[in-house]
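K.L.:
Sequence:
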Amino acid sequence: MEIQVTEQAFQVTTSGGLVISIKETYPFSGEESVCNRRDNRSGKHVGRVTSSSAGKLELYITFDDPHGGEIIETFELLEDGNMRQTTNIKVNKNAIDGQPGEWYKYHSIFKRV
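Numbers in our numbering are just positions in the sequence shown, counted from 1, shifted up by 34.
Just so you know, these hints were derived from the structure itself, not from any lab. Hints should not be assumed to be uniformly reliable.
To be verified - Below, simulated BS3-like cross-link-like pairs (lysine-lysine); rule was C-alpha separation at most 30 Å, straight line:
1) Lys78 <-> Lys139
2) Lys127 <-> Lys139
3) Lys57 <-> Lys78
4) Lys78 <-> Lys90
5) Lys124 <-> Lys57
6) Lys127 <-> Lys57
7) Lys57 <-> Lys90
8) Lys78 <-> Lys127
What the hints assert, rightly or not - Quick list of the computed label-pair ranges, beta carbon to beta carbon:
9) Gln45 <-> Ala88: 15 to 21 Å
10) Gln133 <-> Val53: 31 to 37 Å
11) Gly132 <-> Ser87: 35 to 41 Å
For clarity, every value in this text was computed on a predicted model and none was experimentally measured. For each residue, glycine too, the CB sits at the ideal point set by N, CA and C.
Make a model of the complete structure from these sequences and hints.
P.N.:
Here it is, written out as structure tokens:
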């Protein structure tokens, strides 16, 4: 994962080996940004910065079917210089039984290289 911050926008690029590279750019103005889906399915996702302060940024992302849903994602610089990415994700319908999805939360810690 590579993160770049300018005065205008937050940009994150995620690479999955040689096969996939996803670049997302979100203006600090809160304007919506349309990006390719992270799961490489057809369609796009729409995201925007919902809050930002020194060392912390939050995104709100929605994506349509197939398997539509929403994400609330936080990027936070930690005191030790690492970054924590917290992702809360919910799909609209469970793929197995079609019932409404639930929220799931996970954390990733990144070390600067």
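K.L.:
Give a verdict on every hint.
P.N.:
Hint check:
no.: 1; hint: Lys78 <-> Lys139; in the structure: holds (22 Å)
no.: 2; hint: Lys127 <-> Lys139; in the structure: holds (17 Å)
no.: 3; hint: Lys57 <-> Lys78; in the structure: holds (12 Å)
no.: 4; hint: Lys78 <-> Lys90; in the structure: holds (25 Å)
no.: 5; hint: Lys124 <-> Lys57; in the structure: holds (22 Å)
no.: 6; hint: Lys127 <-> Lys57; in the structure: holds (27 Å)
no.: 7; hint: Lys57 <-> Lys90; in the structure: holds (20 Å)
no.: 8; hint: Lys78 <-> Lys127; in the structure: holds (18 Å)
no.: 9; hint: Gln45 <-> Ala88: 15 to 21 Å; in the structure: holds (18 Å)
no.: 10; hint: Gln133 <-> Val53: 31 to 37 Å; in the structure: holds (32 Å)
no.: 11; hint: Gly132 <-> Ser87: 35 to 41 Å; in the structure: holds (40 Å)
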